[in-house]
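Taken in order, these protein sequences are the chains called A and B. Our numbering numbers the first residue of the first sequence as 1 and each following residue consecutively. Our numbering numbers the first residue of the second sequence as 1 and each following residue consecutively.
Just so you know, the hints here were simulated from the structure itself, not pulled from any lab data.
In silico contact screen, one side only, chain A against chain B (beta carbon under 7 angstroms); selected entries: (1) 19; (2) 20; (3) 23; (4) 25; (5) 31; (6) 32; (7) 55; (8) 56; (9) 59; (10) 70; (11) 72; (12) 73; (13) 75; (14) 121; (15) 133; (16) 137.
We put the CB at the ideal spot given by N, CA and C, even for glycine.
Residues per chain, in single letters:
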Amino acid sequence: MDNWGRGVCPFVLTLLLVVFGAIPFHVPHFAPISPSFLLIAVFYWVLHRPDLMPVWGSFALAVIADIITGGFVGVGALVILIFQLVVDSQRRFLLAGSFWVLWLAFSILIGFAIALEWVLVWLLTDGVLEYSSAAFRVLVTTAFYPFVTWIFVLVQRTVLKV
Amino acid sequence: MNKRVGSFNFAETPLRAWLQRFAFLILLLFSIVLIALTKVGNPSLMAVRVAIVDSVTPVMEGLSRPVIVFNDAIETAQNYVALKSENAELRRQNEALRSWQIAAARLEGENEALRTLLNMSGDAAPRSVAARVVADQGGSFVRSVVVSAGQNDGVRKGQIAMTGHGLAGRVSEVGRSSSRVVLITDISSRIPVLVGTERHRAILAGDNSPAPGLRHLDRTVSLRKGDLVYTSGHGGVFEPGLPIGTVSGIVNGIIRVKPFAEWDKMDFLRIEDYGLALRLDVLNPAVERQNQVSSAE
Chain A
1 MDNWGRGVCP FVLTLLLVVF GAIPFHVPHF APISPSFLLI AVFYWVLHRP
51 DLMPVWGSFA LAVIADIITG GFVGVGALVI LIFQLVVDSQ RRFLLAGSFW
101 VLWLAFSILI GFAIALEWVL VWLLTDGVLE YSSAAFRVLV TTAFYPFVTW
151 IFVLVQRTVL KV
Chain B
1 MNKRVGSFNF AETPLRAWLQ RFAFLILLLF SIVLIALTKV GNPSLMAVRV
51 AIVDSVTPVM EGLSRPVIVF NDAIETAQNY VALKSENAEL RRQNEALRSW
101 QIAAARLEGE NEALRTLLNM SGDAAPRSVA ARVVADQGGS FVRSVVVSAG
151 QNDGVRKGQI AMTGHGLAGR VSEVGRSSSR VVLITDISSR IPVLVGTERH
201 RAILAGDNSP APGLRHLDRT VSLRKGDLVY TSGHGGVFEP GLPIGTVSGI
251 VNGIIRVKPF AEWDKMDFLR IEDYGLALRL DVLNPAVERQ NQVSSAE
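All chains, please: the whole structure from these sequences, using the hints.
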C-alpha cells in the first residue's frame, strides 16, 4: 500500500464505521442509543496520529454522519470540531495517562459533546426534546470504546507500521 | 529525519499553510452556515443530502446483508424453540379472530349498503411499493429511516409509510433509489388523529420517545387504555382511517400512544400513494400548477 493509501486509512475506516453504525441491527431499543463511532475515532486518531485526522477530515465525516442519520446538517460537525479542539489541547496530558485514564477522560468528554449536541438540537427544534436516549448513548459509546480502539490499534500496528 | 507513514504535508504553499492555520475557524463558521441552511430548508443542501444518501444506500445494503442473515438465523432458532407454545397461542387467537371476521364481514356489507344509499364513492386501493429499511433511526435526536426505494420506484415526497401493522411515518426526502421516512415518533411529527369509538379529535405529537403523546384533546373526554388511535385525515396529509396504535397510559401528564409499528422489527416498509403528496409542496410553482389543473378537472 502506498503512502497516500495509508494516509487515508483512518478516514476511510471511520467512514465505514459511520455507515456501519447506521444499518439496522434489529436489537430492541438499540437504534436511538447506538454508539457514536465518530467520537471514538476522532478521539483515538487525534491523540495517536493527529496528522491522519486533520480538522477538515473530521468535519467531512461529521457532515456525512449528519446526512446519513437525517439530523441537522452542521450540528454534528460543530460538535466534533469543538471536541477535536478540546482533545487536541489536552493531548500531552492524555497521552501521559494509562488506558483507564484515557477511558475515563473519553467518557467525560463525550458526555459534554453529546450534551452540547442535545442543547443545539433542542434550540433548533420545536417542543421538548427527550434526553434519556442521549444519556444512554454516552454510556453505550463509552462501553464500545475499548473494542473500537482495539481495531484502531490493530490498524496502526499493521497498516500504518513504519 | 524520516517522515511518518501516511502523514500529509500541507505546508507546501503559503495558501495551504494559511488554510491549515485558519481551517478550524473557517469550518466552525461553515458548520454554522450549514445549520442555518438546514433550518430554512435550503433546496441545494437538500439536493446534496439526497445525493449523498443515494450514493451510500448500496453500501448500507451490502453491509446490512450479514446482519440480516444473522438475525434470520437467530429468529429461525427462536421459532423452533417456541413452536409448540406459539402454535397453541395461534390456535387460540384464530378462534378469537374467527368471530371478528364474521363481525367485520357483517359491518363491511352494512357499510357498503349505506354508501350506496348515500351515493358515496368507494375507497380506491392505494398504489404501493415495498422497500427495505437500509438505515436505522439515526442516533438520539432523529427518528427517521432510509428505505431502498426512490423516484425510480415511484416514491414521492409526502407518501405514507406503513408496516404490516400500522402507520410508520411519511416520506420526507426522495432520491433516485432511496428515500427518507420520518417516523411518527420524531419530534417534528404532528398527525391529526381520532381516538376511540367516540372518535375524539386530537393531535398525535412525537417527541423522539417510542410512544408519542396526544395533544389538543378535549379535557372533558374520557379515554381508556387500549382505545384505538387512527388518522383523521384532517389537513389532507394523511388518508383517514390508517391505524396508528392504542392508548397505553399517562406519563408525566401526557396521554401516550403505543404504536402498532414495531420499530425493532422494521425490515420492510410499504410506501403507499393516496395521491395526497401533491398537496404538501404548495410553495413549489410546478406542483401548484399541477394542483390547479387537477382541481379544475
